[in-house]
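2 protein chains.
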Amino acid sequence: MERYGVHRSREPRGVLPQQARVLDTSLPLRAGEVLIDVEYLNVDAASWLQLRNECGGDTERMKARIAEIVSAAGKMHNPATGSGGMLVGTVAGLGPERSQPAVGTRIATLVSLTLTPLVLDEIVALDPASEKVRVRGRAILFESGIFAEVPEDLSDEVTLGVLDVCGAPAWMARLARPGMRVAVIGAGGKSGMLACAQAVRSVGSDGRVIGLCWPEPTALATKEAGAEAIAVDCTDPLAVREAVTGALGGRDADLVFVCTNVPGCEGGGILACADEGRIVFFSMATSFQAAALGAEGLGKACEMIVGNGYVPGHAELALDLVRRDPVLLERFSS
Amino acid sequence: MERYGVHRSREPRGVLPQQARVLDTSLPLRAGEVLIDVEYLNVDAASWLQLRNECGGDTERMKARIAEIVSAAGKMHNPATGSGGMLVGTVAGLGPERSQPAVGTRIATLVSLTLTPLVLDEIVALDPASEKVRVRGRAILFESGIFAEVPEDLSDEVTLGVLDVCGAPAWMARLARPGMRVAVIGAGGKSGMLACAQAVRSVGSDGRVIGLCWPEPTALATKEAGAEAIAVDCTDPLAVREAVTGALGGRDADLVFVCTNVPGCEGGGILACADEGRIVFFSMATSFQAAALGAEGLGKACEMIVGNGYVPGHAELALDLVRRDPVLLERFSS
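Note that the protein sequences, when read in sequence, are chains Z and E. In this text, residue positions in the first sequence follow the numbering used here: the first is 1, and each later residue adds one. In this text, residue positions in the second sequence follow the numbering used here: the first is 1001, and each later residue adds one.
Any given hint could be a false lead.
To be verified - Facing chain Z, a subset of chain E residues (Cβ under 8 Å, in silico): (1) 1016; (2) 1018; (3) 1115; (4) 1145; (5) 1146; (6) 1267; (7) 1287; (8) 1300; (9) 1304; (10) 1305; (11) 1308; (12) 1311; (13) 1312.
Claimed, not checked - Simulated restraints on C-beta separations: (14) 1(Z) / 1216(E): 23 to 29 Å; (15) 312(Z) / 1045(E): 52 to 58 Å; (16) 130(Z) / 1206(E): 55 to 61 Å; (17) 49(Z) / 1326(E): 55 to 61 Å; (18) 246(Z) / 1012(E): 19 to 25 Å; (19) 2(Z) / 1058(E): 55 to 61 Å; (20) 45(Z) / 1262(E): 29 to 35 Å.
To be clear, the hints were calculated from the coordinates, so they are not data collected in a lab. Glycine included, C-beta positions come from ideal geometry on N, C-alpha and C.
One chain only, chain Z, in its complex shape (with noise of 0.2 Å):
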């Protein structure tokens, strides 16, 4: 259970560090674990709005809540949203039984601060527009937690936007096949432009790779991805089997991504979906309720994948697509 940080659960003991109320924060490191000196937090934005509603938006007040929370729970784990984030930092250290990555190696932690034990000397700067939180500490990642290096080639700003939807254009190179009919709802985001961009590529000049995305402005961005673009509000499930269909001679589609930020989304991924295709939801607000029962309801055989936010290689994958095409760098650095 060392590879997943039981170990560092302190309140209550031996359970998963994220359930965790007070996490170990001690030092020599286990096994395989990764000692960071941390230069930035990226806190979650669900967890950000809420501290700076709660301070009244004071740089002072949010930085001191911060430095509180974390000294109480060994974790940036906010109690009232129950969410964390990420952070970026260089590894100062390794366990005895670890070898990579090298000491000096900047890194993006992938897993949540929520189970990343975490000390702050100091919290250097803070500006309450921005999520990203200037600090002096050092973090331990465990065995089991998936980070990135930071490349050099890319600015900060670029990388992070890119890391947090790697796991859609992953799936998508794992799941789209040479001319396969492959359609991304919500396709004018982060994650669906990633999505598309990767369809394009796997599925190659026989296939076809239908965006629908809302409202009507998203459409660009859709089209800069390379998919067909096709502006349809997507919680109308009629809507979205009708432009899909239509875009495609009447046929379904082989492979559906549900890239949304809204809620309702399911019914038209599962009508717009053939009888043995798949759907993977990469979407926060999907419901497993909704996907189950309506795909029942609709008669409808496809198999409906939870979107796992990794898959080995992701992050290299998903950085090297932004990297290699100028317009979609574009849209990440801005």
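Starting from the known structure of chain Z, arrange chain E on it as the hints suggest.
Just chain E now, kept in the frame of chain Z:
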């Protein structure tokens, strides 16, 4: 869109029938529809409980309330719970473009009453202690509406109990292969038992089927379904993992089915599954967010599938499992 019954949505028009407040129940039948002489409704458990509470457990008031709902909405869609149920009846007519099931066939609908046009002439018998309401009336099944013939060699009790969970063994038959290591979490309930029974048949003598169940006395049912039973609190992820890897000599499961009826079982499923394995969530208490974020937090790349209640042939497969196994038949009869 006629396939999905959109033409039957009266208020508002143009939506899927489940979303409509009022359905059009008028005749004649349209192209692919089936007319059913309804024998009884099997009301959803959550809806039944709400109706019974609302009516103080009074038979006549419950009858009146059901008649009122169906008369107003043209379907048995409980406005308080949003849920429906299913019905059993005899095919009384077919739309002009449909040739089966033959008129006279006794069928159970496998789509929700929340999307099934229904007219009640009389509520013949109702017992507040049972969710089965005997009625005289007619219902309409759309072209997309799934159903099963009610077999003559099994009691209705057994048939309805099996049909309610028939997706689980059908997905097991689709995904389990000879030699696989399978774990079923929540193996002592109806869907878990059928999943185990199918798993044992699919993995063969080189495979393993571990059935985790709780509380302790359900271990007998799990064993009767053919699995190696382990009693463990399935909401404790570490205990679940230890039980599974302990039984498998330190290895993870290739395929995990989560069939519990309580929330909080996602973590155990994820920890017990191999990195390249698959998890199918059949529990309606599953949280999409807990599954997606849990896998990422644990650095697990497993594929997670939303248990779609429909797979072609699922009813026949599940009924056959029970029909051929005297012990299962006894379980479903009681």
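Hints, one by one, checked against the model:
1. Interface restraint check for residue 1016(E): the shortest CB-CB distance to chain Z comes to about 6 Å, inside 8 Å, so the restraint holds.
2. Hint on residue 1018(E) holds. Least Cβ distance to chain Z is approximately 6 Å, under the 8 Å limit.
3. Because the beta carbon of residue 1115(E) sits about 6 Å from the nearest beta carbon in chain Z, less than 8 Å, this interface hint is met.
4. Nearest Cβ of chain Z to the Cβ of residue 1145(E): about 6 Å, under the 8 Å cut. The hint holds.
5. Of the supplied interface hints, the one on residue 1146(E) holds, with its beta-carbon coming within about 5 Å of a beta-carbon of chain Z, less than 8 Å.
6. For the restraint placing residue 1267(E) at the interface with chain Z, the shortest Cβ-Cβ distance is roughly 7 Å, inside the 8 Å limit, so the hint holds.
7. At its closest, the beta carbon of residue 1287(E) sits 7 Å from a beta carbon of chain Z; the interface hint therefore holds under the 8 Å criterion.
8. Because the smallest distance between the Cβ of residue 1300(E) and any Cβ of chain Z comes to about 7 Å, under 8 Å, the interface hint for this residue holds.
9. Contact between residue 1304(E) and chain Z, as hinted, is supported at the beta carbon level, the nearest pair being about 4 Å apart and thus within 8 Å.
10. Hint status for residue 1305(E): holds, given a least beta-carbon distance of 6 Å to chain Z, under 8 Å.
11. Here the hint on residue 1308(E) is kept, as its CB sits about 4 Å from the closest CB of chain Z, short of 8 Å.
12. For residue 1311(E), the shortest C-beta to C-beta distance to chain Z is roughly 5 Å, which falls under 8 Å, so the interface hint holds.
13. For residue 1312(E), the interface hint holds, since its Cβ comes within 8 Å of a Cβ in chain Z; the closest pair sits about 6 Å apart.
14. A hinted range of 23 to 29 Å holds for the C-beta pair residue 1(Z) and residue 1216(E), which are about 24 Å apart.
15. Our hint of 52 to 58 Å for residue 312(Z) and residue 1045(E) is violated, since their Cβ atoms are close to 42 Å apart.
16. Between residue 130(Z) and residue 1206(E) the Cβ separation comes to about 57 Å, which falls inside the hinted range of 55 to 61 Å.
17. For residue 49(Z) paired with residue 1326(E), a C-beta distance near 59 Å keeps the hint of 55 to 61 Å intact.
18. Restraint check, residue 246(Z) to residue 1012(E): a C-beta distance of roughly 22 Å satisfies the suggested window 19 to 25 Å.
19. In this structure the hint that residue 2(Z) and residue 1058(E) lie 55 to 61 Å apart at CB holds, the actual value being about 59 Å.
20. The beta-carbon spacing between residue 45(Z) and residue 1262(E), approximately 31 Å, falls within the hinted interval of 29 to 35 Å.
The structure shown violates just one earlier hint, number 15.
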